[in-house]
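Construct the complete structure from the given sequences, taking the supplied hints into account.
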Amino acid sequence: MTAPASLIEFRDVHKAFDGKPVLRGMTLSVGKGEILFIIGTSGVGKSVTIKHLVGFLRIDQGEIWFDGKRVDQLDEKGFYAVRRRIGMVFQNATLFDSMTLAENVALPLRKHKKLRQATALAEAMGRLEQVYLTGFADRFPAELSDGMRKRAAIARTLTMDPEVVLFDEPTTGLDPVNARRIDRLILELSRNLGVTAVVVSHDLASIFSIADRVAFLYQGRVHAVGTPAEMRDSPDPIVQQFIQGQSSGPMETPGF
Amino acid sequence: MSFVIDRIFGTISAVGAYAIGGVRAALELWMVFVGTIAGIWRMYGRRGARRPAGALVEQMHIIGNRSLLFIVVTIGFIGMVMIYQACLQFSRAVGDLSQVGVQFLRLIVSDLGPTLTAMMLSTRVGAGIAAEIGSMKVTEQVDALRMSGVLPVDYLLVPRFLASIVMTLGLSILGCAIMYGAGGLTAWLSFEVNPRVFFDVSMVRPRHLILGLMKALAYGAAIPIVSGFCGLRARGSSEGVGWATTAAVVGSSFAVISIDFLLSVGALWLLGGDL
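Protein chains in written order, with the numbering used here: chain A, 1 to 256; chain B, 257 to 531.
Rather than coming from a laboratory, the hints here were simulated on the basis of the structure. Think of the CB as a built atom: it goes at the ideal place given N, C-alpha and C, for glycine as much as any other residue. Be a bit skeptical, because a hint or two may be false.
Just some of the chain B residues that point at chain A, by a computed CB distance under 10 Å [what the hints assert, rightly or not]:
#: 1; residue: Glu314
#: 2; residue: Val350
#: 3; residue: Met392
#: 4; residue: Asp399
#: 5; residue: Ala400
#: 6; residue: Met403
#: 7; residue: Gly405
Following this line, the structure appears as structure tokens:
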């Protein structure tokens with residue numbers, strides 16, 4: 001039970017849903033300031049992994065550490081402090097439909113930082129500028145494209161100046177141009193602000209352009225971990241099958 | 257032999273799993289209720305608390321104003337049908353229709369008015385709340401609220417809870433009036449019952465009014481809690497939202513009938529034959 005040297009550490013994490021195991025002894029550590037990609041087939045537990053870190057799911061067994069403290073045993077109130085330091089960009093952008101972009105971005109400022117509405121809105125405008133959306137502050141999410149919504153969701157996450165940002169499939173469903181813009185944003189966050197990014201993704205173009213390290217999840221465990229170059233050159237046939245996107249090979253995928 | 261034992265134990269464990277699931281759901285429902293009450297304090301009770309501008313008024317409009325036509329038309333027809341049937345039976349059995357209006361008023365004030373109004377609200381409002389919260393749940397908007405430092409119960413349930421209580425009370429009173437008026441009109445036009453005889457309020461006591469208002473209050477509280485709870489339990493995708501909506505309508509209708517039964521039994525027990 002000693003505190004780890006890395007910023008985030010999952011130790012022998014197990015999680016099952018309705019008796020079906022998803023994570024089966026997953027161990028992974030994330031260093032400060034790095035961009036770590038978690039890759040793997042659908043349903044392997046990538047999103048499940050990151051949701052444990054902010055308390056949306058509870059592990060069945062194992063330990064999760066963040067900045068020298070164990071977080072898997074915290075209650076909902078305890079996780080509020082963690083969520084001020086770890087931001088999350090969800091797969092569906094998850095902007096609130098009844099609010100304008102500026103109000104969406106201002107919400108965490110009002111709640112976490114207890115700012116007044118006018119102050120929060122002024123700060124929200126600055127954040128929207130960071131993601132090139134100043135002209136759309138008064139629009140509602142339904143009026144915008146997927147890429148814009150995703151960027152607004154990133155702006156909302158950045159309002160809290162998080163030390164860590166968890167991205168759940170940030171480029172899924174986006175056209176290649178918007179996907180690369182998101183990649184650039186993630187890279188800027190890491191390089192300019194020192195933010196640690198944990199990215200769940202299938203997008204090989206993102207992985208090979210911005211990842212510092214890649215963790216490949218298979219059968220509920222981290223099967224392989226390394227730099228993108230190491231993964232590309234890996235002799236492991238399972239890793240090679242995933243990276244090359246081959247439909248047949250040694251990889252066991254449920255349903256096929 | 258072992259096959260039979262396996263079947264027996266299998267059945268026992270299946271029943272046990274259902275029972276445990278039921279108890280857990282009841283506890284979670286209770287926690288949602290307690291959380292909503294605490295949320296009212298957090299949002300409206302504390303000095304300096306920041307109330308969401310317009311959220312309460314918006315919900316009152318959605319729950320109350322938009323249900324108005326549905327409730328008025330449906331409950332008006334129910335009043336007409338009930339009085340038509342009552343007059344028909346009374347005229348066959350005793351031939352005297354002078355007591356129909358008096359007894360009908362006692363019945364709708366202490367029971368049918370609020371209960372039928374709430375049953376209709378369970379379908380319209382309950383389904384709406386569960387579908388809205390359920391779709392927010394499956395698209396991770398509820399998690400996004402938690403990430404933003406907002407308790408989902410405060411943001412999603414507190415305004416709906418307060419709006420539902422106010423509007424169920426108001427609509428129940430209106431429902432009673434519509435039912436009574438439609439009934440009196442039917443009795444007059446179909447059975448020539450003098451409206452002065454029908455609209456006789458002398459037999460209604462304050463206790464009937466209090467019982468009726470208590471029921472309306474309890475229904476108004478139960479519908480958003482049960483529906484919101486079902487919405488927050490939605491899982492998966494659109495199928496989960498569909499499940500939540502169905503469960504909300506069934507659950508809140510059941511809650512209305514159960515509350516009606518419990519409060520009626522309680523009132524009978526307290527007041528005996530005086531009710």
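Verification of the supplied hints:
no., hint, verdict
1, Glu314, "holds (9 Å)"
2, Val350, "violated (58 Å)"
3, Met392, "holds (8 Å)"
4, Asp399, "holds (5 Å)"
5, Ala400, "holds (4 Å)"
6, Met403, "holds (5 Å)"
7, Gly405, "holds (4 Å)"
Of the numbered hints stated above, the single one contradicted by the structure is hint 2.
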